[in-house]
Amino acid sequence: MSMAVENNFINGIQERGYIKIGLPPYNTPPAYYIDPKTKELSGYDVDFARKLASELEVDVKFYRNSKDFNDLVRRVGAKEFDLAMGKLGTTYERLFNAFPVQYMKLRHAILANRQSLEKNDLRSGLPDFGDRLKNSSIRIGRMGGSIWDTEVRRVFPNAKIIKFNDWGEVKEALFEGRVDAIYRDATEIKAIVYQDPNLAIQYVPILFEDELTMTSIFMSESGKFGFSDFLKFFIDREWGEIKNDSAIFEEFQDYYNSLSKFQP
Amino acid sequence: MNYISIVFNWLIATLPKLRRPKNFFLIILPFSLLLGRLASDYSVLLNEISEGLINLIAFPAIPLVLSAVMVSIANIFSVEERSKPDRFKFASRFGVALACVVLFISILALLLSIYQSPGILSPEGRLNIGRFMLDELDIRIGGSIVESEPTYWFDSIIPTNILFDASNNNTLKVISGSIIAGLAMSRLSSEKVKPLINLLRSINSISVQVLNIVLNLAPLVLIFVIASAVTKINSQIIVTLLNFSICVFFTAVISLGISRLIFKRFTTRDERLLFATNPIDKIFLLALSTGSSMSAYSLIFDTLMKLKRDQAEVEASVSLSLLVARLGNVTYNVIAIMFALNLYEVQLNPLIMIEVLFFGIATGFSTAGLTGVTTIRTISLALSSFQVPTQPVIPLLMVIDPILSLPRAATTAVLATAIGLIASVGSTRAGETVDAGEQIHPIGLDPGIIGAD
Numbered sequence: 002m003s004m005a006v007e008n009n010f011i012n013g014i015q016e017r018g019y020i021k022i023g024l025p026p027y028n029t030p031p032a033y034y035i036d037p038k039t040k041e042l043s044g045y046d047v048d049f050a051r052k053l054a055s056e057l058e059v060d061v062k063f064y065r066n067s068k069d070f071n072d073l074v075r076r077v078g079a080k081e082f083d084l085a086m087g088k089l090g091t092t093y094e095r096l097f098n099a100f101p102v103q104y105m106k107l108r109h110a111i112l113a114n115r116q117s118l119e120k121n122d123l124r125s126g127l128p129d130f131g132d133r134l135k136n137s138s139i140r141i142g143r144m145g146g147s148i149w150d151t152e153v154r155r156v157f158p159n160a161k162i163i164k165f166n167d168w169g170e171v172k173e174a175l176f177e178g179r180v181d182a183i184y185r186d187a188t189e190i191k192a193i194v195y196q197d198p199n200l201a202i203q204y205v206p207i208l209f210e211d212e213l214t215m216t217s218i219f220m221s222e223s224g225k226f227g228f229s230d231f232l233k234f235f236i237d238r239e240w241g242e243i244k245n246d247s248a249i250f251e252e253f254q255d256y257y258n259s260l261s262k263f264q265p
Numbered sequence: 012m013n014y015i016s017i018v019f020n021w022l023i024a025t026l027p028k029l030r031r032p033k034n035f036f037l038i039i040l041p042f043s044l045l046l047g048r049l050a051s052d053y054s055v056l057l058n059e060i061s062e063g064l065i066n067l068i069a070f071p072a073i074p075l076v077l078s079a080v081m082v083s084i085a086n087i088f089s090v091e092e093r094s095k096p097d098r099f100k101f102a103s104r105f106g107v108a109l110a111c112v113v114l115f116i117s118i119l120a121l122l123l124s125i126y127q128s129p130g131i132l133s134p135e136g137r138l139n140i141g142r143f144m145l146d147e148l149d150i151r152i153g154g155s156i157v158e159s160e161p162t163y164w165f166d167s168i169i170p171t172n173i174l175f176d177a178s179n180n181n182t183l184k185v186i187s188g189s190i191i192a193g194l195a196m197s198r199l200s201s202e203k204v205k206p207l208i209n210l211l212r213s214i215n216s217i218s219v220q221v222l223n224i225v226l227n228l229a230p231l232v233l234i235f236v237i238a239s240a241v242t243k244i245n246s247q248i249i250v251t252l253l254n255f256s257i258c259v260f261f262t263a264v265i266s267l268g269i270s271r272l273i274f275k276r277f278t279t280r281d282e283r284l285l286f287a288t289n290p291i292d293k294i295f296l297l298a299l300s301t302g303s304s305m306s307a308y309s310l311i312f313d314t315l316m317k318l319k320r321d322q323a324e325v326e327a328s329v330s331l332s333l334l335v336a337r338l339g340n341v342t343y344n345v346i347a348i349m350f351a352l353n354l355y356e357v358q359l360n361p362l363i364m365i366e367v368l369f370f371g372i373a374t375g376f377s378t379a380g381l382t383g384v385t386t387i388r389t390i391s392l393a394l395s396s397f398q399v400p401t402q403p404v405i406p407l408l409m410v411i412d413p414i415l416s417l418p419r420a421a422t423t424a425v426l427a428t429a430i431g432l433i434a435s436v437g438s439t440r441a442g443e444t445v446d447a448g449e450q451i452h453p454i455g456l457d458p459g460i461i462g463a464d
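Keeping their order, the protein sequence lines are chains A and B. When we follow the working numbering, the leftmost residue of the first sequence carries the number 2, and every step to the right adds one. When we follow the working numbering, the leftmost residue of the second sequence carries the number 12, and every step to the right adds one.
No wet-lab data here; the hints were simulated from the structure. A few of these clues could be false.
Said to hold, decoys possible - Here are the simulated EDC-like cross-link-like pairs (lysine to aspartate or glutamate), alpha carbons at most 20 Å apart as the crow flies:
#, chain 1, residue 1, chain 2, residue 2
1, A, Lys-120, B, Glu-366
2, A, Lys-135, A, Asp-211
3, A, Lys-135, B, Glu-366
Can you build the whole structure from these sequences, using the hints too?
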């Protein structure tokens, strides 16, 4: 019975001749983004999807027209795509919409204005800095329609959380002093200072070793039964283990080092 | 085995010669720079060796400080040996001299910082600093890497138990405890305190000898410290922090000039004729070339004794100035605070400048008992009060500290001499005459000794 379901899902893709991959509607290098030179969709998530398609001997079609991360997960659960990927965090709410297969774990991080931390009496040298920061009432910017909405409220219960439509707006709010810090995963936070090292004087990345987001590839119920074992096997074969942000920094060191020249 | 013995003997014979100032510039400095360049892949090893050697050299410091301060305070304030006006005269001379020199040199450092503007950087300079900070200065929470701030003057000055403080290397507490104990001893009859004084003098003499032995390693320490710094220092950062470094070096040169003036003002022509060369220059060069103000202790002591100053007053004023006042650190901290304020574009006004002076002096004094780069952390208190982030400033300063610790030590040494000259003026050793070539070392050391920065 199980084998028949599995064959149906994979057979369906193979009969169609291409696999439908949903991606978030953003540019998030080095995971998924339009390369400014080639104007082509690039990134390690995109490469992963292409290799997966090649393994299935089919083409790949990417869909980037979801409203936000949450909408993308909802749509894959509704079978609008075969898989949804693009650094999608695994949350309890999303489990109602689709089924995850974990492929990365990323540290939570904030980029904080150093002087705002000092004004809020949050000195990094203090032994209880972590607890003081988490219980502080600083203003934190976050992106709407993403897991960070719930995560930032959980980690910073007393902070003033301000929602913005996209990541660009969140960063702008920090640089204009409308928020004291912005919240996302370590790869996105560190990319900001890599992009403009000048910012490191005024802003500091704070990485939470004890707060991890499990990043998954999502699929529908039929995908879970027909494809998840194959996907886990494929992840294990291609990546060896579940990647963390340190591995991503190391693997894409050249990319991060070249960010200051990168013009998206 | 024979080769090892030959190399060992050669080292024993050669290392003391390397402690001469000219050898620092001709041999140690070029060799260290070369070693740092050639052994750039071994920075961790070089760093470990230099830290180990620094710890070895600092090891007799606590008994030395404890005995020197206790004996000198007990002598100076001895009810039996000195009249009340005498005690008051010295205390007020020392206090006034210290206050005047501290204020004067701090204001000069501040004015120099305003003129030279360290921390006001070009876009290229800011980019260099930003690049340096990229991977070095993330804050990690929940892991094991959270740096703890040092304890400050206020927390660490009150002695708890002098033996406990000594065994825990709390030098500041040892100094304050020794001052209190010395004052208590001065109020007791000499019969009661004589056994303890004798014991302390023995401890002091032994510490001096230990120091003499380990100080032969001073050239090796410098070689490894500089080489280790060269492997880590980014040349772009050095250029970016050039204004800051210039301020620190200029302050040292100004301190030399002030000390020379004080030497001229507080000695007679005949007294100056006792010296073939200006002793202030020798003290300056010795501290500069060893990176340690304590290295000049013996030379300062001998200089003042040659001027027939009172031994107890010389011991007290020089040891307290060198160990506690730390004027090189005071001026350095004033400049470092100005650097941080400029880097974070804090608007300067007269009130802020007064605060800079206050914090520069307070944090400079709080470096008592600290060595090397640990002294830099003391400015955290000042930066926090100005709401300027500590974390990026201190690692930046640490990068160039192996170089700047040299003028800092020289500043402390020459200004301690100046304070000693003023504080002991008018005092004479009753019934003693000292020839030009005579050397006295009661709590003194041979020239070329290193103890603490």
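Checked hints:
1. Lys-120(A) <-> Glu-366(B): 18 Å, holds
2. Lys-135(A) <-> Asp-211(A): 12 Å, holds
3. Lys-135(A) <-> Glu-366(B): The hint is violated at about 32 Å.
Comparing the model with each earlier hint shows a violation of hint 3 alone; every other hint is respected.
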